[in-house]
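*Asks:* Spelled out from the first residue to the last, the chains are:
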Amino acid sequence: MIDWQPIILTLQLALVTTVILFFLSIPMAYKLAFTQSSLKPIFEALVSMPLVLPPTVLGFYLLLTFSPNSTIGYWLNNNFGINLAFSFEGLVVGSLIYSLPFMVQPLQAGFSKISVKLIEAAQTMGRTNWEILIRVILPNIKPSIITAVVLSFAHTIGEFGVVLMIGGNIPGETKVASIAIYDEVEAMNYGAANTYSVILFALSFLILVFIYSINKGSVKSINS
Amino acid sequence: MIGFHIKKRLNTSSGETQFQFDFEIQKESFTAIYGESGAGKTSLLRMISGLMKPDDGTITYNGKVWFDQKKNIDLPTGQRKVGFVFQDYALFPNMTVLGNLKFALSKSADPVIIDSVIDITDLGELKSKMPDTLSGGQQQRVALARAIVQQPELLLLDEPLSALDTVMQQKLQDYLIKVHKEFKLTTIFVTHDITQIIKMADQVMILESGKVVKAGKPTVIFGQSLSGKFKLSGRVLDIYAEGVINIASILIGKDVIKVVISGTDPLSIGDEVVVASKAFNPIVQKVGE
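So the sequences go chain by chain: A and B.
Residue numbering for the first sequence follows the numbering used here, beginning at 1 and increasing consecutively.
Residue numbering for the second sequence follows the numbering used here, beginning at 1 and increasing consecutively.
Next up, chain A with everything else stripped away, as it sits in the complex (with noise of 0.2 Å):
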């Protein structure tokens, strides 16, 4: 029998990092949907790093960052008593940055595609941008918002670079199932790996299979 911790850890990464990620990503999202501001194009390649970047770029410099050495990583050490390198806050942190464009994206492409005159219509009848945003933008955009969190949440379960630079693999604390993949053939215990991966494949694929079966009845109600 395996060890499951590796799987709920990741489970549990991928949760926290997706709601954190969520009530981020919504005031990103809207920003950078209507703004006409000239550096919008630098805040979308911002957003959009973590795509082309090699995870073991992206997990280096946290690595840095989250050290004691460094003025971040001291203060937050000193003040706080947080040590994000090699624990799983660290590893929510690393996860933000990784997945954020996961979750901006199909967030900003839906605030995109809202009819301004919706807005407008209720913004004649004296509704505050609040009450606009949570009773007519969010729910018809919703396609959008289930696709940002069910892709942010499988990308997050499988990433690896990140986590092995700035979390190591530490059981119960920064162990996750790509990580314990990776230990498992390292150990030459090729059923165990094959074990995780199988349980990776199959949660990958139904996450995508959800996100397709969403997505293919509910694009007509996108008012655009």
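Don't read these hints as lab results, they were simulated from the structure.
Where hints are given, some of them may not hold.
Stated by the list, open to error - Only pairs whose alpha carbons sit at most 35 Å apart, straight line, appear in this in silico DSBU-like list of lysine-lysine:
#1 B/LYS81 with B/LYS71
#2 B/LYS81 with A/LYS142
#3 B/LYS171 with B/LYS217
#4 B/LYS27 with B/LYS286
#5 A/LYS117 with B/LYS107
#6 A/LYS117 with B/LYS127
#7 B/LYS286 with B/LYS199
#8 A/LYS117 with B/LYS64
#9 B/LYS27 with A/LYS117
Once you have looked at the hints, place chain B on chain A.
*Replies:* Frame of chain A, contents of chain B only:
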């Protein structure tokens, strides 16, 4: 009294145009804004409602300042008491018909208005339907009802009937006239359909490249000095010779009628016309500016 004295530089299909509107309308009047596309009709409504900011000038409503560039006053849309019916209706797709009406109700308003608006616009049976299951005419009625629920003092309609067929247009014109009277609204509607103006409006303003070039009673503006005993607006479908006379088929509402016209009448197919009669002989005259 509602006064507009505004200027705005806008990019239109025919290049950059300087819009300048200076006019006043009376309370409870039904004003039509007529003009070709690009004349600034929609922009005017957007500036009145606060969705677009004029470059300069003032907008006052019964002595209350809605916009004053010099004094830096720009009342937000939500505080201007306008109801806006958009050309493509802009119903909230995630809410039922009733949900759309409820969303439009201001927090301090008595919900009883919803029932009376549903009554007047005959939406009772559609209350629990989603907007995308409704026909164009039904969606239009919901959009109108939703604007009325806001209890606006000023109702703005942007080409409200343009997407509907003739029969549906007639029906909705009746609804519009009904709510305008029932709720004592001041209504401004934008259109490029002269027959709608003649049927509904007390006054019309003709816009050309961002300026009001003519204003007044529709019958006067569109050159109808006839004192007809009966008067119908319609559209010429066909003109053909029969023996020595010419006959025009004219669509009035959903009916096609045939009228003898003189050979010298400068009519052509598609013209909007008025069919009027002084006593017994119907006279057909082209509707023009």
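*Asks:* With reference to the structure, classify each hint as holding or not holding.
*Replies:* Structure-based check of all given hints:
{"no.": "1", "hint": "B/LYS81 with B/LYS71", "in the structure": "holds (21 Å)"}
{"no.": "2", "hint": "B/LYS81 with A/LYS142", "in the structure": "holds (31 Å)"}
{"no.": "3", "hint": "B/LYS171 with B/LYS217", "in the structure": "holds (23 Å)"}
{"no.": "4", "hint": "B/LYS27 with B/LYS286", "in the structure": "holds (32 Å)"}
{"no.": "5", "hint": "A/LYS117 with B/LYS107", "in the structure": "holds (22 Å)"}
{"no.": "6", "hint": "A/LYS117 with B/LYS127", "in the structure": "holds (22 Å)"}
{"no.": "7", "hint": "B/LYS286 with B/LYS199", "in the structure": "holds (16 Å)"}
{"no.": "8", "hint": "A/LYS117 with B/LYS64", "in the structure": "holds (27 Å)"}
{"no.": "9", "hint": "B/LYS27 with A/LYS117", "in the structure": "holds (27 Å)"}
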